[in-house]
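S.K.: As a plain string of letters, each chain reads:
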Amino acid sequence: MFFHIVLERNMQLHPRYFGRNLRDNLVSKLMKDVEGTCSGRHGFVVAVTGIENVGKGLIRDGTGFVTFPVKYQCVVFRPFKGEILEAVVTMVNKMGFFAEAGPVQIFVSNHLIPDDMEFQSGDIPNYTTSDGSVKIQKDSEVRLKIIGTRVDATEIFCIGTIKDDFLGVINDPTAI
Amino acid sequence: MAQMSLATDSPSSVHSSSSDDFAAFLDGTLDGNSSSDREEEIENDAESARVKRHKVESIKEIEASTSKGPVQKNLVVAEESLKVDICTHPGSFGNMCICCGQKLDGESGVTFGYIHKGLRLHDQEISRLRNTDMKDLLCHKKLYLVLDLDHTLLNSTLLMDLNSEEVHLNTQTDSLKDVSKGSLFKLEYMHMMTKLRPFVRTFLKEASKMFEMYIYTMGDRPYALEMAKLLDPGGEYFTSKVISRDDGTQKHQKGLDVLLGQESAVLILDDTENAWMKHKDNLILMERYHFFASSCRQFGFNCKSLAESKSDESEADGALAKILKVLKRVHHTFFDEHQEDLVDRDVRQVLKTIRSEVLSGCVLVFSRIVHSALPALQKMAEQLGAICLTELDPSVTHVVATDVGTEKSRWAVKEHKFLVHPRWIEATNYFWQKQPEEDFFVKKKE
Ligand SMILES: [Mg+2]
Ligand SMILES: [Zn+2]
Chain L
1 MFFHIVLERN
11 MQLHPRYFGR
21 NLRDNLVSKL
31 MKDVEGTCSG
41 RHGFVVAVTG
51 IENVGKGLIR
61 DGTGFVTFPV
71 KYQCVVFRPF
81 KGEILEAVVT
91 MVNKMGFFAE
101 AGPVQIFVSN
111 HLIPDDMEFQ
121 SGDIPNYTTS
131 DGSVKIQKDS
141 EVRLKIIGTR
151 VDATEIFCIG
161 TIKDDFLGVI
171 NDPTAI
Chain X
1 MAQMSLATDS
11 PSSVHSSSSD
21 DFAAFLDGTL
31 DGNSSSDREE
41 EIENDAESAR
51 VKRHKVESIK
61 EIEASTSKGP
71 VQKNLVVAEE
81 SLKVDICTHP
91 GSFGNMCICC
101 GQKLDGESGV
111 TFGYIHKGLR
121 LHDQEISRLR
131 NTDMKDLLCH
141 KKLYLVLDLD
151 HTLLNSTLLM
161 DLNSEEVHLN
171 TQTDSLKDVS
181 KGSLFKLEYM
191 HMMTKLRPFV
201 RTFLKEASKM
211 FEMYIYTMGD
221 RPYALEMAKL
231 LDPGGEYFTS
241 KVISRDDGTQ
251 KHQKGLDVLL
261 GQESAVLILD
271 DTENAWMKHK
281 DNLILMERYH
291 FFASSCRQFG
301 FNCKSLAESK
311 SDESEADGAL
321 AKILKVLKRV
331 HHTFFDEHQE
341 DLVDRDVRQV
351 LKTIRSEVLS
361 GCVLVFSRIV
371 HSALPALQKM
381 AEQLGAICLT
391 ELDPSVTHVV
401 ATDVGTEKSR
411 WAVKEHKFLV
421 HPRWIEATNY
431 FWQKQPEEDF
441 FVKKKE
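From first to last, the protein sequence lines stand for chains L and X. So the first sequence is numbered by the UniProt record's numbering: it starts at 1 and just counts up by one. So the second sequence is numbered by the UniProt record's numbering: it starts at 1 and just counts up by one.
Hints are computed from structural coordinates only; laboratory data are not their basis. Careful, some of the hints might be misleading.
Unchecked claim - Below, a list of computed lysine-lysine pairs in the BS3-like style, where the Cα atoms sit at most 25 Å apart: (1) L/163 to X/103; (2) X/229 to L/145; (3) L/94 to L/32; (4) L/81 to X/142; (5) X/117 to L/138; (6) X/209 to L/81; (7) L/94 to X/135; (8) X/229 to L/135; (9) L/94 to X/103; (10) X/205 to L/138; (11) L/94 to X/186; (12) X/443 to L/94; (13) L/135 to X/135; (14) L/94 to X/434; (15) X/444 to L/138; (16) L/163 to X/117; (17) L/138 to X/229; (18) X/141 to L/135.
Stated by the list, open to error - One side only, chain L facing chain X, incomplete, derived with CB under 8 Å: (19) 28; (20) 31; (21) 77; (22) 147; (23) 148; (24) 154; (25) 159.
Don't be surprised by glycine CBs; every beta carbon is placed ideally from N, CA and C.
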């Protein structure tokens with residue numbers, strides 16, 4: 001799920017960046033620092049969308065660097081138990097398959113793949129229904145349901161299932 | 001670039017009160033599984049009904065003044081705790097059960113980091129996967145083959161260990177742009193040079209038709225993956241099948257426990273027997289490939305390295321070509337005998353039988369072999385099917401000695417029996433074929 005929230009961060013800036021571009025410099029450094037990172041509390045920071053407020057700078061003793069408390073708006077992504085996600089399959093093996101939804105790593109074990117889909121080894125390992133009509137392989141897009149999440153300091157892990165109505169392949173990479 | 005270094009020591013973000021509210025909102029309302037109160041609910045089954053009723057009642061009292069939400073949440077939890085109890089938690093990903101999503105303690109089971117970071121499986125699940133995989137594999141007429149890297153498929157050296165007679169190699173390395181054509185590579189960023197063993201590409205191509213192949217090395221993961229890229233640039237053979245020392249369950253040992261294949265269907269190629277203490281019956285011992293001088297020295301050889309003498313192992317008749325023939329025989333024997341059910345067959349038994357045919361009909365007597373070396377040689381000869389006697393008799397076919405002057409050696413010459421060096425047995429053991437005796441005749445010492 002995506003959220004638009006306000007976060008705060010103390011930014012340190014070298015005096016050379018002071019002047020009329022100070023604010024721009026702060027913003028670009030902020031984007032470089034936080035976009036793409038993951039926090040256990042909020043999930044994955046997708047994009048900084050705006051600055052709410054830049055507080056008064058505080059000069060650090062002995063260095064000349066200045067610390068600014070910056071309040072910024074950003075879009076974060078965090079998966080939740082019960083959420084339906086669309087993800088791209090990255091690896092298929094006899095244990096199940098791994099998929100990614102942005103930075104989120106999702107594992108769907110073969111226990112949670114419908115029983116009528118069987119693992120086929122070979123050059124392109126895949127799960128296929130007995131009539132061959134549905135196939136999951138690397139690069140397939142699947143719709144899955146999250147049944148467990150763990151948000152680490154740097155990574156987000158999820159357990160997913162496609163053993164439910166309306167879940168499974170939504171696009172087959174071989175059928176273009 | 002002052003600000004670059006600054007980025008690393010800049011203070012961590014400060015959470016405003018609004019973000020705290022947000023996190024609390026998420027944890028409390030949406031993400032029921034992360035709060036610890038859920039785990040408490042699961043405990044104490046006997047008491048739980050009473051406790052839950054009590055809880056629901058106490059919540060009902062509060063409910064009058066608040067919303068209806070908490071009651072519903074608690075009822076859902078009660079239902080789910082039943083479901084959770086049934087799950088055997090066959091494995092985990094990111095410390096969550098792969099079946100029910102429940103958070104688990106990280107320590108049980110075997111890690112399969114070489115397949116995916118954060119993946120662990122428990123013994124029962126491993127054996128379940130092995131069983132289903134075995135059937136699939138046998139349908140495709142394949143077995144498992146575990147391949148060592150160093151001295152088996154290739155030889156690597158640190159660039160700084162190249163000696164003056166080897167530096168000419170620096171100008172002969174192959175392009176890293178298309179590694180599929182080359183065999184000598186300089187990996188500047190790893191400070192290494194790697195030489196692939198002659199015939200290795202044909203070997204892998206042929207072997208992949210008969211086996212599902214794994215790399216298993218005592219090197220670390222970055223090295224292992226880099227070597228896999230050189231050996232398999234197209235990713236045809238080894239994708240998520242590269243096992244390094246970071247993946248093993250025991251120090252200085254390689255084990256088949258991290259392999260999702262049944263031991264009765266696994267063959268191993270390795271130059272180091274001691275790494276496989278528990279799986280010697282699966283092992284085909286490889287003659288070591290020493291291309292670089294540093295590698296020779298490491299194993300105590302004083303002879304010139306292949307690189308120094310500007311030569312190499314034979315492409316058509318080297319160790320890998322010879323072993324490929326053995327693999328073909330083992331594979332053929334395993335699948336083409338129709339006596340028993342395939343699933344009941346054991347490749348270790350096949351290996352043992354084939355090995356025992358190599359020297360069948362040979363009757364050996366050892367003469368003045370160093371005491372410490374004798375038991376190993378004798379065992380080797382017997383595994384190859386030879387009969388070892390302690391005293392001479394007319395049935396003897398070979399006398400194994402290092403000296404022509406011993407009584408038994410002189411007898412051999414007089415009786416026109418083969419008088420061979422112990423290396424004849426070792427070479428026969430490496431190549432699974434009786435080696436021509438004339439290449440190993442014992443010569444007079446000068
Ligand atoms: Mg080795
Ligand atoms: Zn479970």
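S.K.: Does each hint hold? Answer for all of them.
M.R.: Do the hints match the structure? See the list:
no.: 1; hint: L/163 to X/103; result: holds (20 Å)
no.: 2; hint: X/229 to L/145; result: violated (35 Å)
no.: 3; hint: L/94 to L/32; result: violated (39 Å)
no.: 4; hint: L/81 to X/142; result: violated (41 Å)
no.: 5; hint: X/117 to L/138; result: holds (18 Å)
no.: 6; hint: X/209 to L/81; result: violated (43 Å)
no.: 7; hint: L/94 to X/135; result: holds (12 Å)
no.: 8; hint: X/229 to L/135; result: violated (28 Å)
no.: 9; hint: L/94 to X/103; result: holds (23 Å)
no.: 10; hint: X/205 to L/138; result: holds (23 Å)
no.: 11; hint: L/94 to X/186; result: violated (36 Å)
no.: 12; hint: X/443 to L/94; result: violated (57 Å)
no.: 13; hint: L/135 to X/135; result: holds (21 Å)
no.: 14; hint: L/94 to X/434; result: violated (41 Å)
no.: 15; hint: X/444 to L/138; result: violated (65 Å)
no.: 16; hint: L/163 to X/117; result: holds (24 Å)
no.: 17; hint: L/138 to X/229; result: holds (20 Å)
no.: 18; hint: X/141 to L/135; result: holds (24 Å)
no.: 19; hint: 28; result: violated (11 Å)
no.: 20; hint: 31; result: violated (12 Å)
no.: 21; hint: 77; result: violated (12 Å)
no.: 22; hint: 147; result: holds (4 Å)
no.: 23; hint: 148; result: holds (3 Å)
no.: 24; hint: 154; result: violated (12 Å)
no.: 25; hint: 159; result: holds (4 Å)
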